[in-house]
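Undergrad: Chains as they are written, first to last, in the working numbering: chain Z, 6 to 261; chain D, 6 to 261.
Be aware that one or more of the hints could be misleading.
Among chain Z residues calculated to face chain D with C-beta under 8 Å, some are [to be verified]:
#	residue
1	94
2	115
3	142
4	145
5	146
6	153
7	156
8	160
9	166
10	207
11	210
Only pairs whose alpha carbons sit at most 27 Å apart, straight line, appear in this in silico DSS-like list of lysine-lysine [unchecked claim]:
#	chain 1	residue 1	chain 2	residue 2
12	D	34	D	188
13	D	132	Z	34
14	Z	132	Z	34
15	D	132	D	79
16	D	34	Z	132
Just so you know, the hints here were simulated from the structure itself, not pulled from any lab data.
Please read these numbers as outputs of a predicted model, since none were measured by experiment.
Don't be surprised by glycine CBs; every beta carbon is placed ideally from N, CA and C.
2 protein chains.
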Amino acid sequence: MRDGRPIDDRQTDGGEAFRSVEAQHTPSKFLTRLTGPDRAALAALAASRRVPRGEAVFSAGGPGKHVYFLESGKIKICQPSPAGNEIILWFCLPGEIFGLAEVSHGGGRVVSAFACEESLVLSLSQKDFREFLATHPDTVMLSMQALSSRLRVLGEMVVNLVSDDANTRIAKLLLRLAARYGKREGGIVHLDLPLTHEEIANMVGTTRQTVTTVIGQFRRQGVLSIENRRIQIESEDLLTEISQAAAPPAKHRPGS
Amino acid sequence: MRDGRPIDDRQTDGGEAFRSVEAQHTPSKFLTRLTGPDRAALAALAASRRVPRGEAVFSAGGPGKHVYFLESGKIKICQPSPAGNEIILWFCLPGEIFGLAEVSHGGGRVVSAFACEESLVLSLSQKDFREFLATHPDTVMLSMQALSSRLRVLGEMVVNLVSDDANTRIAKLLLRLAARYGKREGGIVHLDLPLTHEEIANMVGTTRQTVTTVIGQFRRQGVLSIENRRIQIESEDLLTEISQAAAPPAKHRPGS
DNA sequence: GCGCGTCTGTCGGCCAGCCGACATCCGCGA
DNA sequence: TCGCGGATGTCGGCTGGCCGACAGACGCGC
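Produce the complete structure using the sequences and hints provided.
TA: The following block contains the structure:
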């Protein structure tokens with residue numbers, strides 16, 4: 006199809022830069038951005054729960070009656086595959102809201118939320134959440150930002166999955182995880198995520214053995230190292246090079 | 006990980022059925038669900054634009070300053086791959102809102118919106134849209150529903166892409182498109198979507214030739230037929246069987 | 001501190017489907 | 001109505017990576 010001219014977005018502000026992936030895709034730190042009074046109102050409404058490591062906050066197939074906020078710990082949001090593998094879609098870090106996708110249509114859960122480590126979670130019934138939004142208008146944008154951010158994450162995953170070979174998919178996954186969850190110290194990015202090779206394979210559509218092979222190659226190339234089965238990216242630049250090296254030519258691209 | 010018990014969602018309502026995919030994933034028909042006064046207020050604020058077939062409403066990389074509503078026509082939302090292929094993420098039908106993911110963080114566009122056929126589009130600046138939400142609280146849930154619905158669509162795509170072989174991915178894509186956009190007449194589902202084999206290939210991560218081969222097989226099996234280069238699903242049941250036939254066993258599944 | 005279950009590392013045969021190429025068809029715009 | 005550019009249909013050589021199997025390592029719970 007021809008490259009079209011945008012309609013109303015066509016006037017661009019001079020010098021407005023496209024934001025980095027990190028800034029663009031950071032999900033709403035809902036709790037952090039609540040003002041004092043809003044935060045107090047939420048705390049008065051919500052129930053607090055401790056979730057042990059490995060336990061589910063909610064499960065796919067169950068009812069979706071509550072919205073959750075992560076006080077501390079780490080949550081992974083998974084969708085089951087037909088074969089029963091749990092595909093990790095994204096992680097939630099402290100401050101983030103989750104489980105709100107069902108608020109608007111009142112349906113059951115399509116995804117599960119598991120605690121990767123012991124976590125402290127606030128829960129609010131959907132009814133109370135709707136009332137909270139209605140009486141705290143600032144929180145509407147925070148909720149929409151959480152949903153939008155995750156929409157972009159999944160969009161990136163889709164494009165990655167349909168476009169790239171296994172090597173590149175793994176490289177790009179690691180870069181995305183680094184951008185969103187990495188802790189940076191002197192040029193090295195620590196991924197404080199308890200990810201097995203099987204979980205990585207499930208996220209990028211390959212096999213556990215292929216991930217083991219590729220991660221081993223990345224270690225030998227000095228791209229990353231492993232400590233306590235956690236990945237540390239020694240050179241984001243090298244990983245970026247790897248992820249761009251195998252770009253295939255466009256089929257059916259005007260001007261190709 | 007062990008199957009966890011849900012925390013606050015664990016009490017289920019007796020007999021509450023998990024809704025069908027069609028009901029669950031129907032995006033918010035925003036315009037249709039607006040009440041008369043809300044609709045009039047929106048019409049007073051928004052600008053109307055006619056978009057010829059093939060033109061972009063907005064483009065990836067451009068600024069995201071407006072929110073759009075589709076009065077008539079058909080829009081496809083695409084994200085460019087590194088090779089320059091436009092990957093269709095979803096379609097928008099009349100009544101739907103689109104282009105709102107950038108409202109909450111004010112960033113540039115990651116996706117493009119193209120008119121598949123001549124379309125009539127309302128546009129509203131983000132600023133006006135925020136004010137509209139603030140003064141029309143019913144529209145907050147409609148907006149969140151649109152975002153949530155698309156989140157689920159992309160989640161399904163991700164799980165489909167990482168789990169299935171090419172044959173199954175194509176079958177499931179056709180079923181999803183049928184559920185969301187199909188017109189049903191006497192057991193046959195018409196997909197009134199102008200999709201080429203190349204576009205289908207881009208959506209499921211395969212090649213144009215593989216899609217041509219698989220679509221040909223489906224025709225010979227009586228699963229579907231083609232008219233004016235539009236797919237008609239003759240037997241959803243058969244297509245569903247095909248999409249379930251190749252389910253691989255779970256790796257690392259407790260109890261497998 | 002120790003044992004164990006899970007995770008990682010390796011191997012090689014096999015095949016799903018990629019890909020370049022070419023012929024034919026047909027929907028759309030003038 | 002007609003011409004043409006894009007879409008569809010087919011082919012077969014080739015290869016990326018799947019997969020079952022096995023050995024060794026190690027993180028975690030007791």
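Undergrad: Under the criterion of a CB-CB separation shorter than 8 Å, is residue 207 of chain Z in contact with chain D as hinted?
TA: holds, 6 Å
Undergrad: Grab the minimum C-beta distance from residue 160 of chain Z to chain D and call the hint holds if it beats 8 Å, violated otherwise.
TA: It holds, given that the least Cβ distance between residue 160 of chain Z and chain D is near 5 Å, below 8 Å.
Undergrad: Are residue 146 of chain Z and chain D close enough, Cβ to Cβ, to be under 8 Å, as the hint says?
TA: holds, 5 Å
Undergrad: Need the status of pair residue 132 of chain D, residue 79 of chain D: alpha-carbon distance at most 27 Å?
TA: Cα-Cα ~26 Å, so holds.
Undergrad: At a threshold of 8 Å, is the proposed contact between residue 156 of chain Z and chain D supported by beta-carbon distances?
TA: The hint holds - residue 156 of chain Z has a Cβ within 8 Å of chain D, the shortest such distance being about 5 Å.
Undergrad: CA of residue 34 of chain D to CA of residue 132 of chain Z, is that 27 Å or under?
TA: Distance of about 22 Å is within 27 Å: holds.
Undergrad: Please verify that hint: residue 166 of chain Z, Cβ, nearest Cβ of chain D, below 8 Å or not.
TA: holds, 4 Å
Undergrad: A closest beta-carbon separation below 8 Å is what the hint needs, so does residue 142 of chain Z meet it against chain D?
TA: holds, 6 Å
Undergrad: With a cut-off of 8 Å on the beta carbons, see whether residue 145 of chain Z makes it to chain D.
TA: With a minimum Cβ separation of about 5 Å from chain D (threshold 8 Å), the hint on residue 145 of chain Z holds.
Undergrad: Below or equal to 27 Å on CA atoms is what counts here, so check residue 132 of chain D against residue 34 of chain Z.
TA: holds, 22 Å
Undergrad: Hey, does the residue 210 of chain Z contact hint survive, CB to chain D under 8 Å?
TA: Holds: closest Cβ of chain D sits about 4 Å from residue 210 of chain Z, inside 8 Å.
Undergrad: Below or equal to 27 Å on CA atoms is what counts here, so check residue 34 of chain D against residue 188 of chain D.
TA: Given that 27 Å is the threshold and the Cα spacing comes to 16 Å, the pair holds.
In summary, the structure agrees with every hint in the numbered list given earlier.
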